[in-house]
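Chains A and B, in that order, give the protein sequences. full-length UniProt numbering applies: residue 1 is where the first sequence begins, and numbers increase by one. full-length UniProt numbering applies: residue 1 is where the second sequence begins, and numbers increase by one.
Take these hints with a grain of salt, some might be off.
[Unchecked claim] Not everything, but these chain A residues come out facing chain B in the computed CB check (under 8 Å):
| # | residue |
| --- | --- |
| 1 | 8 |
| 2 | 12 |
| 3 | 23 |
| 4 | 34 |
| 5 | 44 |
| 6 | 47 |
| 7 | 54 |
| 8 | 56 |
| 9 | 58 |
| 10 | 73 |
[Said to hold, decoys possible] Lysine-lysine pairs mimicking DSBU-like chemistry, simulated, CA-CA at most 35 Å apart:
| # | chain 1 | residue 1 | chain 2 | residue 2 |
| --- | --- | --- | --- | --- |
| 11 | A | 82 | B | 80 |
| 12 | A | 80 | B | 82 |
| 13 | B | 78 | A | 78 |
| 14 | A | 78 | B | 80 |
| 15 | A | 82 | B | 82 |
| 16 | B | 82 | A | 78 |
| 17 | A | 80 | B | 80 |
In case anyone wonders, no lab produced these hints; they're calculated from the structure. Please read these numbers as outputs of a predicted model, since none were measured by experiment. Backbone N, C-alpha and C fix where the C-beta goes; we use that ideal spot for every residue, glycine too.
Protein chains: 2
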Amino acid sequence: MELYIGYFAGFLGTVCWVPQAWKAWATRDTSGLSLAANILFLLTVTLWLVYGLLVTDWPLIFANGCALLIVLSIVAAKLKYK
Amino acid sequence: MELYIGYFAGFLGTVCWVPQAWKAWATRDTSGLSLAANILFLLTVTLWLVYGLLVTDWPLIFANGCALLIVLSIVAAKLKYK
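Bound conformation, chain A alone (with noise of 0.2 Å):
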């Protein structure tokens, strides 16, 4: 049950940003967000990354891969829609 949950959570962890990611680039419009925090947790997702590769994590490796991919979208957005 707990592990489920903990599986869930990871995944939903990763996918949510996809919907930020899909705005940012249709609507061009990322005045709202805040670069800081978004590169802020570019960094945690890389250090989640490293981490997973470190302990030979494959979950976290493939989570924080792909989250990874979907926040530096969502930070280039930002850096070119500013």
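Starting from the structure of chain A, add chain B where the hints point.
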């Protein structure tokens, strides 16, 4: 070494949303924020908190308890100033 990276990633993943919450309330500009993404992220953080409580993991409980309050304030700002 891995442990320090993990702890720092956990800490950063919680505090990184403070600038976003601050920006949303200070500028009242939430037009670029995706409500769907932030509600899904709120659900993610809630699930991690529930998971932490079920397996009695205090770092998870503390980090996600704090994150829950911050993300809740971002969603509240988005709903108030949409």
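Legend entry - Earlier hints that do not hold, by number: 8, 9 and 10
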